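In order, the protein sequence lines correspond to chains A and B.
Per the numbering used here, the first sequence runs over residues 193 to 329.
Per the numbering used here, the second sequence runs over residues 4 to 273.
These are computed hints drawn from the structure, not numbers from a lab.
Model, not experiment: these values are computed from the prediction.
We put the CB at the ideal spot given by N, CA and C, even for glycine.
Hints are supplied without guarantee of correctness; some may be wrong.
Here are the computed distance ranges between Cβ atoms for each label pair [stated by the list, open to error]:
1. B:Asp242 <-> A:Asp260: 42 to 48 Å
2. A:Lys230 <-> B:Ser108: 38 to 44 Å
3. A:Asp310 <-> B:Arg59: 56 to 62 Å
4. B:Lys188 <-> A:Thr266: 35 to 41 Å
5. A:Val264 <-> B:Asp242: 46 to 52 Å
6. B:Asp242 <-> A:Asn261: 15 to 21 Å
7. A:Glu315 <-> B:Arg82: 31 to 37 Å
Some chain A residues judged to face chain B by a derived CB distance under 7 Å, without partners named [stated by the list, open to error]:
8. Asn245
9. Val258
10. Arg263
11. Ser267
12. Ser280
13. Thr281
14. Gly282
15. Lys301
16. Cys321
17. Leu323
Chain by chain, the residues:
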Amino acid sequence: MYDAGKIITGLVIFVAVVTFPIWGSIGGSAEGPQPVVKESGRCIESAAYMRANHMQMLDEWRNSVVRDNERVYTSKTYGTKHDKSLSSTGTSLVSSGEKQSCMSCHSNKKEFCDACHDYASVEPYCWTCHLEPEENI
Amino acid sequence: MEDSRRDFLKKAGVGSLVGLGVVSAVTVIAEKTSEAGGHAPAATSGTRYGLVIDTRKCIEGCTVCSDVCHEIHNVPDYRLPNGDADLKNEIKWIWKEPHANVFPSKSSQFVSGNLAKKKHMVLCNHCENPPCVRVCPTQATFKRADGIVLMDFHRCIGCRFCMAACPYGSRSFNWKDPRDADNMKVIGKKGGFDREFPTRERGVVEKCNLCAERLAKGLLPACVEKCPEKAMTFGDLNDENSDIRKVLASTNTIQRKSELGTGPSVFYIV
Numbered sequence: 193m194y195d196a197g198k199i200i201t202g203l204v205i206f207v208a209v210v211t212f213p214i215w216g217s218i219g220g221s222a223e224g225p226q227p228v229v230k231e232s233g234r235c236i237e238s239a240a241y242m243r244a245n246h247m248q249m250l251d252e253w254r255n256s257v258v259r260d261n262e263r264v265y266t267s268k269t270y271g272t273k274h275d276k277s278l279s280s281t282g283t284s285l286v287s288s289g290e291k292q293s294c295m296s297c298h299s300n301k302k303e304f305c306d307a308c309h310d311y312a313s314v315e316p317y318c319w320t321c322h323l324e325p326e327e328n329i
Numbered sequence: 004m005e006d007s008r009r010d011f012l013k014k015a016g017v018g019s020l021v022g023l024g025v026v027s028a029v030t031v032i033a034e035k036t037s038e039a040g041g042h043a044p045a046a047t048s049g050t051r052y053g054l055v056i057d058t059r060k061c062i063e064g065c066t067v068c069s070d071v072c073h074e075i076h077n078v079p080d081y082r083l084p085n086g087d088a089d090l091k092n093e094i095k096w097i098w099k100e101p102h103a104n105v106f107p108s109k110s111s112q113f114v115s116g117n118l119a120k121k122k123h124m125v126l127c128n129h130c131e132n133p134p135c136v137r138v139c140p141t142q143a144t145f146k147r148a149d150g151i152v153l154m155d156f157h158r159c160i161g162c163r164f165c166m167a168a169c170p171y172g173s174r175s176f177n178w179k180d181p182r183d184a185d186n187m188k189v190i191g192k193k194g195g196f197d198r199e200f201p202t203r204e205r206g207v208v209e210k211c212n213l214c215a216e217r218l219a220k221g222l223l224p225a226c227v228e229k230c231p232e233k234a235m236t237f238g239d240l241n242d243e244n245s246d247i248r249k250v251l252a253s254t255n256t257i258q259r260k261s262e263l264g265t266g267p268s269v270f271y272i273v
C-alpha cells in the first residue's frame, strides 16, 4: 500500500470529524427551553396538565365560546370557574376580581409562550388576530 | 289450507292498495308541515334577536353608532391618499346607505319629502333563513340558537361564497392586513387597538356579530346603547312582551328585500 501513513491518518481525522456530534455531546445535554412563569400561584389546572394539554384546551375553548356561547370553564382539578379567553382585557364573566384571560397572568408572551414554541418550531396562528399583551408591543 | 291462484291475486291487490294509501298520506303530511317554510320562513321557537331602526329619529350626518361599533371591534378604516374612503378595501359592520339602495324593491316614484335624499343605517340582517350560512363550505358562518348569524373566524378560508350569497352586501373581505390600517394605529390606547376584542387577519370575511360578546355580559349592542336619539330597539322577536315586539305592534315596519325569503331580523320604520 502506497502512502499508508497519510491515508490512515487522514481516515482517522475524517472519522473523528464526522462522529463529532456523537462524542462531542457525551457527558452533557442540550439545554431545553425554560419558560418563565411570571405570576405566583396556580394555573386553572395543574402545571403538568397545562403543559401537556393547553393546545387541546384552547381549541375546545374557541369552539365552545364562538359556536355554543359557553364562555365559562370549570376547573377539573380545583372546581373553580374561569373565563374561556386567551387574551381579552374586558370585564370577567365570573367575578369582578378574577383574571379575565390566559394572558392576564402570562402577560410575558415572549418568555412564556414563545420560549417553548420557538424551541419546538411550532407556530400557532393565535396572534394574527388575538392581540398580545401590550408590554410586548 | 292452500290458496288458489285467484285468492293469492286478491290478497296481493288489497295489500298493494293499502301500501299506496300509506305512501300518499305520508307525502301529504310532509307537504303540510313544510308549507310553513315556503316563501316566508317558519317562525323558530326560543330566542330570536332582532332590531328595529326608526329612521325618522336618525340624524343626518350622525355616525355615532358606526363609530363606536367599528372602534370596539377593531374594524379597519382604509382611506385613499386624498382622504376619501377606499371603497375597494372597505370593511363594513354598520354603515349608511341611500334610501333607494336600502329598499331597491320598494316603489321609488314620487318619494315623499326628503326621503329620496335620506340615508339609512344598514347592517347584517341576522336572517331567519340566512343564505350566507347555506353556502359556507366550512360552516365558518352559522346561525346561533338565539338567531344571531355569527362568523367563526378560526374556520373562514376566505372563499367569499357568503359575500356572493348575501343580498344585503353586509359582508366584507380583508384584502389587506387590518392591523396596517391607519386608524388601528390611533384608536384608543397604546398600540391603537381595543384590546377587549381581537382583530381579523388578511384573507377572512367579516361582518356584524350583533355584539355577541356584549350580549354575553348582559349589555345591549353598542350601536343601540350609544345612539343619541334612541333610534334603535333591540330585543327578542319571539317574546311577545319584549320592547321590540311592542314597537313592531304599534308602528308599521318594513324589512329589506323580504321578498327573497331570507326573513331579515332588522326592521325599519320609514
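Here is how each hint holds up against the structure:
no. : hint                              : result
1   : B:Asp242 <-> A:Asp260: 42 to 48 Å : 22 Å, violated
2   : A:Lys230 <-> B:Ser108: 38 to 44 Å : 58 Å, violated
3   : A:Asp310 <-> B:Arg59: 56 to 62 Å  : 58 Å, holds
4   : B:Lys188 <-> A:Thr266: 35 to 41 Å : 39 Å, holds
5   : A:Val264 <-> B:Asp242: 46 to 52 Å : 25 Å, violated
6   : B:Asp242 <-> A:Asn261: 15 to 21 Å : 18 Å, holds
7   : A:Glu315 <-> B:Arg82: 31 to 37 Å  : 32 Å, holds
8   : Asn245                            : 19 Å, violated
9   : Val258                            : 5 Å, holds
10  : Arg263                            : 6 Å, holds
11  : Ser267                            : 20 Å, violated
12  : Ser280                            : 6 Å, holds
13  : Thr281                            : 4 Å, holds
14  : Gly282                            : 4 Å, holds
15  : Lys301                            : 13 Å, violated
16  : Cys321                            : 4 Å, holds
17  : Leu323                            : 5 Å, holds
In summary, the numbered hints that this structure violates are 1, 2, 5, 8, 11, 15.
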